[in-house]
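Enquirer: What follows is each chain in one-letter form.
2 protein chains.
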Amino acid sequence: MDDITSQKRSRRGGGRDARRSARQSSSASSAPYLVRKIPPVDMLSDEACEIIEHNAETVLEEIGIEFRDDPEALAILKDKGCDVDGERVHFPRSLARELCKTAPSEFTQHARNPERSVVIGGNNTVFAPVYGPPFVRDLEGERRYAKIEDFNNFVKLVYMLPGLHHSGGTVCEPVDLPVTKRHLEMLYAHLRYSDKPYMGSVTAPDRAADCVALSKIMFGDEFVDQNCVMVSLINANSPMTWDDTMLGALKVYARAGQGCVISPFILSGALSPVSVAGTLTQILAEAMSGIAFTQAVNPGAPVIFGSFASSISMQTGAPTFGTPEPAKVLYGAAKLARRLNVPFRSGGSFTASKTADAQAAYESAHTLLPTVLGGVNFALHAAGWMEGGLVADYAKLLLDADQLTMMDSMAAGIDISENGLALDALRETGPGQHFLGSSHTQANFETAFWRSSLADNTTFEQWESEGRIESEQRARNRAIKMLNEYQPPEIDPAIDAGLRDYIATRMAVLPDSDY
Amino acid sequence: MDDITSQKRSRRGGGRDARRSARQSSSASSAPYLVRKIPPVDMLSDEACEIIEHNAETVLEEIGIEFRDDPEALAILKDKGCDVDGERVHFPRSLARELCKTAPSEFTQHARNPERSVVIGGNNTVFAPVYGPPFVRDLEGERRYAKIEDFNNFVKLVYMLPGLHHSGGTVCEPVDLPVTKRHLEMLYAHLRYSDKPYMGSVTAPDRAADCVALSKIMFGDEFVDQNCVMVSLINANSPMTWDDTMLGALKVYARAGQGCVISPFILSGALSPVSVAGTLTQILAEAMSGIAFTQAVNPGAPVIFGSFASSISMQTGAPTFGTPEPAKVLYGAAKLARRLNVPFRSGGSFTASKTADAQAAYESAHTLLPTVLGGVNFALHAAGWMEGGLVADYAKLLLDADQLTMMDSMAAGIDISENGLALDALRETGPGQHFLGSSHTQANFETAFWRSSLADNTTFEQWESEGRIESEQRARNRAIKMLNEYQPPEIDPAIDAGLRDYIATRMAVLPDSDY
Numbered sequence: 001m002d003d004i005t006s007q008k009r010s011r012r013g014g015g016r017d018a019r020r021s022a023r024q025s026s027s028a029s030s031a032p033y034l035v036r037k038i039p040p041v042d043m044l045s046d047e048a049c050e051i052i053e054h055n056a057e058t059v060l061e062e063i064g065i066e067f068r069d070d071p072e073a074l075a076i077l078k079d080k081g082c083d084v085d086g087e088r089v090h091f092p093r094s095l096a097r098e099l100c101k102t103a104p105s106e107f108t109q110h111a112r113n114p115e116r117s118v119v120i121g122g123n124n125t126v127f128a129p130v131y132g133p134p135f136v137r138d139l140e141g142e143r144r145y146a147k148i149e150d151f152n153n154f155v156k157l158v159y160m161l162p163g164l165h166h167s168g169g170t171v172c173e174p175v176d177l178p179v180t181k182r183h184l185e186m187l188y189a190h191l192r193y194s195d196k197p198y199m200g201s202v203t204a205p206d207r208a209a210d211c212v213a214l215s216k217i218m219f220g221d222e223f224v225d226q227n228c229v230m231v232s233l234i235n236a237n238s239p240m241t242w243d244d245t246m247l248g249a250l251k252v253y254a255r256a257g258q259g260c261v262i263s264p265f266i267l268s269g270a271l272s273p274v275s276v277a278g279t280l281t282q283i284l285a286e287a288m289s290g291i292a293f294t295q296a297v298n299p300g301a302p303v304i305f306g307s308f309a310s311s312i313s314m315q316t317g318a319p320t321f322g323t324p325e326p327a328k329v330l331y332g333a334a335k336l337a338r339r340l341n342v343p344f345r346s347g348g349s350f351t352a353s354k355t356a357d358a359q360a361a362y363e364s365a366h367t368l369l370p371t372v373l374g375g376v377n378f379a380l381h382a383a384g385w386m387e388g389g390l391v392a393d394y395a396k397l398l399l400d401a402d403q404l405t406m407m408d409s410m411a412a413g414i415d416i417s418e419n420g421l422a423l424d425a426l427r428e429t430g431p432g433q434h435f436l437g438s439s440h441t442q443a444n445f446e447t448a449f450w451r452s453s454l455a456d457n458t459t460f461e462q463w464e465s466e467g468r469i470e471s472e473q474r475a476r477n478r479a480i481k482m483l484n485e486y487q488p489p490e491i492d493p494a495i496d497a498g499l500r501d502y503i504a505t506r507m508a509v510l511p512d513s514d515y
Numbered sequence: 001m002d003d004i005t006s007q008k009r010s011r012r013g014g015g016r017d018a019r020r021s022a023r024q025s026s027s028a029s030s031a032p033y034l035v036r037k038i039p040p041v042d043m044l045s046d047e048a049c050e051i052i053e054h055n056a057e058t059v060l061e062e063i064g065i066e067f068r069d070d071p072e073a074l075a076i077l078k079d080k081g082c083d084v085d086g087e088r089v090h091f092p093r094s095l096a097r098e099l100c101k102t103a104p105s106e107f108t109q110h111a112r113n114p115e116r117s118v119v120i121g122g123n124n125t126v127f128a129p130v131y132g133p134p135f136v137r138d139l140e141g142e143r144r145y146a147k148i149e150d151f152n153n154f155v156k157l158v159y160m161l162p163g164l165h166h167s168g169g170t171v172c173e174p175v176d177l178p179v180t181k182r183h184l185e186m187l188y189a190h191l192r193y194s195d196k197p198y199m200g201s202v203t204a205p206d207r208a209a210d211c212v213a214l215s216k217i218m219f220g221d222e223f224v225d226q227n228c229v230m231v232s233l234i235n236a237n238s239p240m241t242w243d244d245t246m247l248g249a250l251k252v253y254a255r256a257g258q259g260c261v262i263s264p265f266i267l268s269g270a271l272s273p274v275s276v277a278g279t280l281t282q283i284l285a286e287a288m289s290g291i292a293f294t295q296a297v298n299p300g301a302p303v304i305f306g307s308f309a310s311s312i313s314m315q316t317g318a319p320t321f322g323t324p325e326p327a328k329v330l331y332g333a334a335k336l337a338r339r340l341n342v343p344f345r346s347g348g349s350f351t352a353s354k355t356a357d358a359q360a361a362y363e364s365a366h367t368l369l370p371t372v373l374g375g376v377n378f379a380l381h382a383a384g385w386m387e388g389g390l391v392a393d394y395a396k397l398l399l400d401a402d403q404l405t406m407m408d409s410m411a412a413g414i415d416i417s418e419n420g421l422a423l424d425a426l427r428e429t430g431p432g433q434h435f436l437g438s439s440h441t442q443a444n445f446e447t448a449f450w451r452s453s454l455a456d457n458t459t460f461e462q463w464e465s466e467g468r469i470e471s472e473q474r475a476r477n478r479a480i481k482m483l484n485e486y487q488p489p490e491i492d493p494a495i496d497a498g499l500r501d502y503i504a505t506r507m508a509v510l511p512d513s514d515y
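Listed in order, the protein sequences are those of chains A and B.
Quick note, the first sequence lines up with residues 1 to 515 if you use this note's numbering.
Quick note, the second sequence lines up with residues 1 to 515 if you use this note's numbering.
Chain A with its partners taken away, still in its complex shape (with noise of 0.2 angstroms):
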């Protein structure tokens, strides 16, 4: 990942050498991404497995894909052999499968600071945080609009947040800015208050074209084209269809050579069949059918098989989280993508929540748990996700945070080496004895237990007269005392004033309109 640093060095000049060593020190030190060493889940067996690749390859061939207003896209189809009726795409048994066979099985993302990068597939996890609501419950936790301020606060803060892999994209809608002009500032804030990697903008082709435009400033125009730098979502607008803003953002990022999370979203019960394997198998058809496209685009182009799914209430209609179907949902859509040998996007900690509380906290672990136990490897939403995703909250964003980070012991699983098994420790110790003492505790203690920077395990008493303080407040006064003592990653001043003169004449031509 070196030549990344030797050819911004002759490029643009600086001793950015010495600055990175001096910023990496200092910054919170912690694994670029989540190595599981576990198994997944298994609960698809692998016959349900091939009943339901084969039910999905009846879906692409008999039923059909809409791919509507997007006249090139169904041209690119038809050219690969697609029957193309109308708007409707009929994928001749298997075609949609073997087009998949060129996506690679695991990719690396690279960060501007390369110690950042994050290998997306394989046994990896990577977590990035909520995406795109309107709303955030802010640091005096009161609901409003989101605002540009808001976004910037919550890419610092994940910068700073040790269990967060990844930037992400929209973590929240700076509705204070016009539509057309938010992705640049957006952009802006990823690139130059955090090192970790990001997600681009997929409102309109335009967009995407101009966060490759920046990417470029950042990383050099010849390491883009060579690199993924960026992974973008793209929704489909299930059941079975793609439109048009999705499809031109999926072609620009697809031959720019970057990354595209290819989603389904799913409310089950509405957006597909009320059950989980008819889920699944709407899933599959509709994944590959997008990460068919992508390869017809750019054959070899990075792709994630996404999965958005939740569950709706049948009494109201209302979406709901944490609850078990969406689970088997996520490790049945796991086993799926690892058949079709591509990385896997699903899961985050949702909640339906209005606050930080029990219910928030119960959904978010019912699904964060599936997530990396079922294997997902790359987990939007993973952090401040709220109220089904109408809101970013800061305090929320910290206490997921936190349980994030306890993520690296669960799937490193268990030690068997000599000192794991600790023999000689009961032989040291023996019966009725403590071990607090012991050589084997002295040797392991710093290291043995995951701790979490924001639980309370005190006594009644102390917790008591420390105000009787509950998690939420706790940690949005965290927030509060990270984004007070917040140092900006370093960039060199040439980048930084490139990145500024683009927005700036892109700002100039672009109307302020709100679509």
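Any given hint could be a false lead.
For identical chains, the list gives no copy identity; a pair is met inside one copy or between any two copies.
What the hints assert, rightly or not - Derived SDA-like pairs: lysine to any residue, alpha-carbon spacing no greater than 25 angstroms straight-line:
#  : residue 1 : residue 2
1  : 37        : 411
2  : 78        : 427
3  : 37        : 49
4  : 37        : 413
5  : 78        : 32
6  : 216       : 509
7  : 37        : 338
8  : 80        : 222
9  : 481       : 180
10 : 147       : 204
11 : 37        : 51
12 : 156       : 482
13 : 481       : 138
14 : 147       : 176
15 : 37        : 339
16 : 481       : 456
17 : 147       : 206
18 : 147       : 500
19 : 101       : 297
20 : 181       : 513
21 : 181       : 299
22 : 37        : 53
23 : 80        : 181
24 : 156       : 92
25 : 37        : 138
26 : 37        : 504
It is worth saying that the hints were derived from the structure and are not from the lab.
Take the given structure of chain A and dock chain B to it, following the hints.
Expert: Same frame as chain A, now just chain B:
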């Protein structure tokens, strides 16, 4: 199970059949226990198990286990071939495992309502409430010492909560009653205010004998002699020590053919090595020694391999909960118990938090999900546990119990019947349409998704208009409502009089003391 009915009728007379059918039609319908159809999470390979089993035999043979202040126990074990040195019992390699072989791999614990009987072992999971707290957080949210009124309230709530299969034991310590007499009123509450299975007292051998006697009044002498109607909690005094109190209760129950939960009580780092594999070695050695002893006392007596395992903060010494290392201990110990072919007890809904806040829920979920995924057969503390076990919390009892109800769906796995696969629903609906009105949705929506009885999935606006009530307060309000609506299960008045007579007789002779 109908023999209870006929036996009771012939013994006491009275139209119990009619009363039971009236009662059953009005009580909450719920499965008597969870049947897991998914394979357990496998975090410890067979090879790793063999190493740990070898090391546990080394502990049993070389280090030995203390059996304190109980000469009879030493004599029994010596007679079975152990080397007894003072109070230190050395089990020649493979002797303990050999003695464990007479333990049943699963057994039925009968409830007075046969529909509530539970099968402990195999692919089943039985959820029981918190055990042991001296404090409650009450219906006003205040923390105070527990009273017998609280105990009765918890038994009533557990009776009504469908997520809980078992009435438990010391759901809280009624500290307003003398220690010498508490067990009588506690057992009466389980027998009178619930019809779910229950646990007996273990604080002294004569109190265990009282529990057997009271059970015989309820079930009939012959039935209790021939069947398991109680399981009781025998904690090790870890590391590698059994004390006379626990051994005394164990002998009473094992001789009466009643179940014992043989539970190493581990705060890893203090009471066991600081590593997962070392802790597993000790747990296996301790559990095997206790199970072997029960089988030496009465071959075939029902036992459960127990494991209470948490870790401590190596900074403060405080116990911590919901962390990854105890979850790994659970996964490993569950597999070791399966290999020993005995039922396994572990897990629950643990937390160190002082209120039912986000910390409480995260930590509880990170214990509960491993409990189900790891294949626990008997889960004590599955609801209501707070503050490291010092507090039984009315609100958290309801919140946790609500979570328990989702586990049926989780553990059922993925339905791949033709109805589950729903290919016709995909055909009927097609691209761009919604599934709400499809015939498949209409046929399945009532049972398709688990539904929380306490989560709020409404809009922010509706939630706000209803007073911004968070989940803890919702649960507390629900507890108050449930207690107001509580209706006790029917009981034969002659049996009730028999129970009260026995209790009065014993109360008259027992001293009022606090030990």
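Enquirer: If a hint holds in the structure, say so; if it does not, say that too.
Expert: How the hints compare with the structure:
1. Proximity of residue 37 to residue 411 under the C-alpha cut-off of 25 angstroms is found in both arrangements, the shortest distances being 6 angstroms within a copy and 24 angstroms between copies.
2. Taking identical chains as interchangeable, the C-alpha atoms of residue 78 and residue 427 lie at most 25 angstroms apart only when they sit on different chains, with a minimum of 23 angstroms there against 72 angstroms within one chain.
3. Taking the shortest alpha-carbon separations for residue 37 and residue 49, both the intra-copy value of 23 angstroms and the inter-copy value of 17 angstroms come in at or below 25 angstroms.
4. In the homo-oligomer, the alpha carbons of residue 37 and residue 413 lie at most 25 angstroms apart both inside one protomer (6 angstroms) and across protomers (24 angstroms), since each shortest distance falls under that limit.
5. For a Cα distance limit of 25 angstroms, the shortest separation of residue 78 from residue 32 qualifies neither inside one copy, at 41 angstroms, nor across copies, at 57 angstroms.
6. Proximity of residue 216 and residue 509 under a CA criterion of 25 angstroms is satisfied intra-copy only: 20 angstroms inside one chain copy versus 88 angstroms between copies.
7. Taking CA atoms no more than 25 angstroms apart as the test, residue 37 paired with residue 338 passes in both settings, with 16 angstroms inside one copy and 23 angstroms between copies.
8. Neither within a single protomer nor between protomers do residue 80 and residue 222 lie at most 25 angstroms apart by alpha-carbon distance, with minima of 29 angstroms and 78 angstroms respectively.
9. For the identical chains of this complex, residue 481 and residue 180 are neighbours neither inside a copy (33 angstroms) nor across copies (53 angstroms), given an alpha-carbon limit of 25 angstroms.
10. Taking the shortest alpha-carbon separations for residue 147 and residue 204, only the intra-copy value of 21 angstroms comes in at or below 25 angstroms, while the best inter-copy value is 65 angstroms.
11. Proximity of residue 37 to residue 51 under the C-alpha cut-off of 25 angstroms is restricted to the inter-copy arrangement: shortest distance 19 angstroms between copies versus 29 angstroms within a copy.
12. Taking identical chains as interchangeable, the C-alpha atoms of residue 156 and residue 482 lie at most 25 angstroms apart only when both belong to the same chain, with a minimum of 9 angstroms there against 47 angstroms between chains.
13. Only within a single protomer do residue 481 and residue 138 lie at most 25 angstroms apart by alpha-carbon distance; the minimum there is 14 angstroms, versus 35 angstroms between protomers.
14. In this homomeric assembly, residue 147 and residue 176 come within 25 angstroms of each other (Cα to Cα) only inside a single copy, at 5 angstroms, whereas the closest approach across copies is 56 angstroms.
15. Taking the closest pair of Cα atoms, residue 37 and residue 339 come within 25 angstroms of each other both inside a single copy (19 angstroms) and across two copies (23 angstroms).
16. In the homo-oligomer, the alpha carbons of residue 481 and residue 456 lie at most 25 angstroms apart inside one protomer (18 angstroms), although the nearest pairing across protomers, at 31 angstroms, exceeds that limit.
17. Proximity of residue 147 to residue 206 under the C-alpha cut-off of 25 angstroms is restricted to the intra-copy arrangement: shortest distance 23 angstroms within a copy versus 69 angstroms between copies.
18. In this homomeric assembly, residue 147 and residue 500 come within 25 angstroms of each other (Cα to Cα) only inside a single copy, at 19 angstroms, whereas the closest approach across copies is 68 angstroms.
19. In this assembly of identical chains, residue 101 and residue 297 lie within 25 angstroms of each other by CA distance solely inside one copy; the values are 14 angstroms within and 64 angstroms between copies.
20. For the identical chains of this complex, residue 181 and residue 513 are intra-copy neighbours only, at 9 angstroms inside a copy versus 77 angstroms across copies, given an alpha-carbon limit of 25 angstroms.
21. Taking CA atoms no more than 25 angstroms apart as the test, residue 181 paired with residue 299 passes in neither setting, with 31 angstroms inside one copy and 78 angstroms between copies.
22. Taking the closest pair of Cα atoms, residue 37 and residue 53 come within 25 angstroms of each other only across two copies (22 angstroms); inside a single copy the shortest separation is 27 angstroms, beyond that limit.
23. Taking the shortest Cα distances, residue 80 and residue 181 never come within 25 angstroms of each other, neither inside one copy (36 angstroms) nor across copies (82 angstroms).
24. Neither within a single protomer nor between protomers do residue 156 and residue 92 lie at most 25 angstroms apart by alpha-carbon distance, with minima of 48 angstroms and 61 angstroms respectively.
25. In this assembly of identical chains, residue 37 and residue 138 lie within 25 angstroms of each other by CA distance neither inside one copy nor across copies; the values are 37 angstroms within and 44 angstroms between.
26. Within a single copy, residue 37 and residue 504 get their C-alpha atoms no closer than 47 angstroms, and across copies no closer than 60 angstroms, so neither meets the 25 angstroms cut-off.
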